[in-house]
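2 protein chains.
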Amino acid sequence: MPKRAKTLADAGEFEFIKSIRTMMPKDGGNIIRSVGDDCLVTESFENSLLLNTIDTFVEGIHFKQGYGTLTQIGQRCMAASVSDIAAMSGNPVYSLVSLSLSPNMLYNDAINIFSGLQSTAKLYGCPIVGGETTSSAGPITITVTVIGKVERDRVILRSGAITGESIYVTGYIGDAMAGLMAFERKESGFNNLKKKFLTPLALVTLSRALNGLYHITSMIDISDGLSTDLANISYESGCGAEIYEELLPLSNDFRRISKKFDIDMTSFALSSGEDFELLFTTDDDTISDKFQLMNHRITRIGTITDSSKGIRIHCKNNNVEPVLPKGYEHFKS
Amino acid sequence: MPKRAKTLADAGEFEFIKSIRTMMPKDGGNIIRSVGDDCLVTESFENSLLLNTIDTFVEGIHFKQGYGTLTQIGQRCMAASVSDIAAMSGNPVYSLVSLSLSPNMLYNDAINIFSGLQSTAKLYGCPIVGGETTSSAGPITITVTVIGKVERDRVILRSGAITGESIYVTGYIGDAMAGLMAFERKESGFNNLKKKFLTPLALVTLSRALNGLYHITSMIDISDGLSTDLANISYESGCGAEIYEELLPLSNDFRRISKKFDIDMTSFALSSGEDFELLFTTDDDTISDKFQLMNHRITRIGTITDSSKGIRIHCKNNNVEPVLPKGYEHFKS
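Chains as they are written, first to last, in this note's numbering: chain W, 163 to 495; chain A, 163 to 495.
FYI, nobody ran anything at the bench for these hints, they're computed from the structure. Even for Gly, the Cβ is constructed at its ideal location relative to N, Cα and C. You may find that some hints are simply not true.
[To be verified] Here are the simulated lysine-lysine pairs, DSS-like style, with alpha carbons at most 27 angstroms apart:
#1 W:K168 / A:K494
#2 A:K494 / W:K226
#3 A:K180 / W:K471
#4 A:K226 / W:K494
[What the hints assert, rightly or not] A few chain W positions that, by computed beta-carbon distances, are all more than 10 angstroms from chain A:
#5 I223
#6 K226
#7 Q234
#8 P265
#9 D271
#10 S297
#11 G310
#12 A371
#13 D383
#14 D415
#15 R418
#16 K422
#17 D426
#18 D451
#19 K471
#20 G472
[As the list claims (entries may be wrong)] Label pairs and their calculated CB-CB ranges:
#21 A:A371 / W:G287: 36 to 46 angstroms
#22 A:R314 / W:E349: 50 to 60 angstroms
#23 W:R316 / A:R314: 20 to 30 angstroms
#24 A:A371 / W:G374: 46 to 56 angstroms
#25 W:E177 / A:D468: 51 to 61 angstroms
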């Protein structure tokens, strides 16, 4: 008779916690107390501002099982959370994780989710040093809190953009959601797009480098789609923006899959989140050329304007059209 | 035709966020940036240690609708989270909240949950200054992160108990779970017990006061049951403990409901969590008398021993029995 695989119910919370505790760093250095007490206790960050994020990822909303491994789901959740620290030009330092899982879940699946979260957290220098697990009758729900720091004179908010400044994006836009589409339509190939969806990067180093070399006045990560995230910068900065369709950085794979499924590339790219590329403004309009050295694409896509005209796009057909925030909105069907 | 009540799907995430944003403090003082950016950005806590908690509350596991209002559910979740800061003898400063809610949820119900979370957070001095909302097909899931601080020489860990010291608990034990039992068995009356379950207090002020007046060597909040939480102190401190059945502080209502349902008071009290009373150790065995001034019951229940004998209870019948951790364990059925 084949042995049934062990579930979380078979193991129980204490065995699971004991197991993931071995994947956490030991106390010492700046960690006064991690797991094993009521709170995480650490040294403060002297002479730095304190950054805190919280992000929840729900199965069926933010991810589905089957498109990648459970380890990759963990990796993606952590990268998405760390990306919020990158968007402030901060350094991630620690993270806490709360997992709500079904008792029927396979024990090794739960371990794999944690292992993906932790390997990515360590990659970015913010190991998971605490958290909790709860059972739930609902979907897998992962909440990540990342604690970071940033020098007072280097924090970049969304609110600093000024009329006349250039608008830039890093990398390509739309690739992650195109990757998800490739999964949903059971397309073989398009591995670069699928990889961008499954295991996005948090651009901590790039953000810090940009901030060191240029006068970056506002920044956000593209998690909700360029149209929505540019609207966020405009709203917080009290300005407008004009961007150029022909300047939008679209990858060859993105163009290829859009053609295959007869999708309007521009509107898809503007509304696609989950790339975790950076959108930022600066008074320097020559970054693109200078930055080729770092082997990371940086593209100037437009200019900050005053707020009276809102956000507009100069289309290839010479029309100028308003850009409406079309990113994902929770609860709306 | 009666108008259908507004749901989260009718309103959408942006309207909901706009509404709860009005309940949050404005930026200023030590808050550089709260909502409206990728992270919470605050001043660091100079000369203090940094405390961080994360707690998740899942409908059907941690709370049920119908026993109290949704506002009270929010209040209870926040108090439970702040209690972790109290257990370190820290001061809560800010909190972040993540809500995973069904699109079908009534809009006002969601507002009420947030309002309960926020009113309690403000009560303890740690207003909610950021967070996020996500839709979910599953149960209501509330994750709270509290950020706190504590002076380096005043932090109390679980690990400092020493053989010969006295073990104390604040308040009464078992009342909260007895209150839940009253709800489950549809008992009228027992309002004190029900109130203890619905709206427990986080003992921040009491913890700070105790810590200022006495040499407290270890502390934990009773969230998982006295037997489990005392086992946690013993494990982290590398010691044993002996407690006395006749010393356990049981309220009159607790005794009354236990008799009514023929429940073994001692084993129920030892395994009942959710009280958020404090369990602590100190070398002073006269606190109980001194502390009556503060109108808060503090009861000496036993003594820390060396680790060889584990945790034992001296029963009223003069037997000495081992105390096994019988608190709640997730995933186990």
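Going down the list of hints, with the structure as the test:
1. W:K168 / A:K494: 13 angstroms, holds
2. A:K494 / W:K226: Holds, at about 26 angstroms.
3. A:K180 / W:K471: 23 angstroms, holds
4. A:K226 / W:K494: 26 angstroms, holds
5. I223: 6 angstroms, violated
6. K226: K226 of chain W clear of chain A: closest Cβ-Cβ about 12 angstroms, beyond 10 angstroms.
7. Q234: Consistent with the label, Q234 of chain W stays out of reach of chain A, its closest Cβ about 20 angstroms off (over 10 angstroms).
8. P265: Check fails; 5 angstroms does not lie beyond 10 angstroms.
9. D271: The claim stands: D271 of chain W keeps its Cβ more than 10 angstroms from every Cβ of chain A (closest is about 13 angstroms).
10. S297: About 4 angstroms separates S297 of chain W from the closest Cβ of chain A, which leaves it inside 10 angstroms; violated.
11. G310: 7 angstroms, violated
12. A371: Fine: 18 angstroms to the nearest Cβ keeps A371 of chain W off the interface.
13. D383: 6 angstroms, violated
14. D415: Non-interface label on D415 of chain W holds, nearest chain A Cβ at 28 angstroms vs cutoff 10 angstroms.
15. R418: Given that every Cβ of chain A is farther than 10 angstroms from that of R418 of chain W, nearest at about 32 angstroms, it holds.
16. K422: 30 angstroms, holds
17. D426: Check passes; 24 angstroms lies beyond 10 angstroms.
18. D451: 28 angstroms, holds
19. K471: At roughly 22 angstroms from the nearest Cβ of chain A, K471 of chain W sits farther out than 10 angstroms, so the non-interface label holds.
20. G472: 17 angstroms, holds
21. A:A371 / W:G287: 36 to 46 angstroms: With a Cβ separation near 39 angstroms, A371 of chain A and G287 of chain W satisfy 36 to 46 angstroms, so the hint holds.
22. A:R314 / W:E349: 50 to 60 angstroms: Given about 57 angstroms between the Cβ atoms, the range holds.
23. W:R316 / A:R314: 20 to 30 angstroms: 27 angstroms, holds
24. A:A371 / W:G374: 46 to 56 angstroms: Holds: the Cβ-Cβ distance is about 47 angstroms, inside 46 to 56 angstroms.
25. W:E177 / A:D468: 51 to 61 angstroms: Given a distance of about 27 angstroms, which is not inside 51 to 61 angstroms, the answer is violated.
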